[in-house]
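When we follow the numbering used here, the leftmost residue of the sequence shown carries the number 1, and every step to the right adds one.
Bear in mind the hints are in silico, worked out from the structure with no lab data behind them. Among the hints, a few may not be true.
Below 20 Å or equal to it, Euclidean Cα-Cα: the simulated EDC-like pairs (lysine to aspartate or glutamate) are [claimed, not checked]:
| # | residue 1 | residue 2 |
| --- | --- | --- |
| 1 | Lys-72 | Glu-95 |
| 2 | Lys-72 | Glu-52 |
| 3 | Lys-67 | Asp-84 |
| 4 | Lys-67 | Glu-86 |
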Amino acid sequence: MKKLLLVLGVSLILFSCSGNDGDNDPNGEVYFKATVSPGLSGLDKFSFGTDEVHVLVETGTSFQTDKFLFPKNSNLVYQVGFLDSENQCYTVNIEVFFNDRSIDRRTFEMNQPMNLGYVTCKDSYLQTLNVITPK
Numbered sequence: 001m002k003k004l005l006l007v008l009g010v011s012l013i014l015f016s017c018s019g020n021d022g023d024n025d026p027n028g029e030v031y032f033k034a035t036v037s038p039g040l041s042g043l044d045k046f047s048f049g050t051d052e053v054h055v056l057v058e059t060g061t062s063f064q065t066d067k068f069l070f071p072k073n074s075n076l077v078y079q080v081g082f083l084d085s086e087n088q089c090y091t092v093n094i095e096v097f098f099n100d101r102s103i104d105r106r107t108f109e110m111n112q113p114m115n116l117g118y119v120t121c122k123d124s125y126l127q128t129l130n131v132i133t134p135k
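Taking the hints into account, I'd like the entire structure generated from these sequences.
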């Protein structure tokens, strides 16, 4: 009986130590979610993301990037902007997720007029942002 308990105890210790719970992994998964209001009509070009993953959309209201690996405790630089847009301001909500937890959320009023002299919005047409990923 003592040998059986010893074997079970050693097996339990080895089993619990052999699993990788991700704490030692130097990377995490990043993705972005964005909403644009009013919705894009097809004449607009809205873009967001990083060098690793980038989305360019022309229609719709809600968008998400694919997940990609990024180092923990590192500076993540991303951009949000319009390449072309109607003569109106858009409310843009962008949220950054790291390992499925929200780490940054911003709201902008922006557009990129197709012609000079059109309405420009308070946050212009391009924002470059930084966020430090968690450890």
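Distance restraint between Lys-67 and Asp-84, which requires alpha-carbon spacing of 20 Å or less
violated, 26 Å
Would the pair Lys-72 and Glu-52 pass a check requiring their Cα atoms to be no farther apart than 20 Å?
holds, 15 Å
Tell me if the straight-line CA distance from Lys-67 to Glu-86 falls inside 20 Å.
The hint is violated at about 30 Å.
Compare the distance between the alpha carbons of Lys-72 and Glu-95 with 20 Å, and conclude whether the hinted pair is satisfied.
holds, 18 Å
Against the hints set out earlier in the document, violations occur for numbers 3 and 4.
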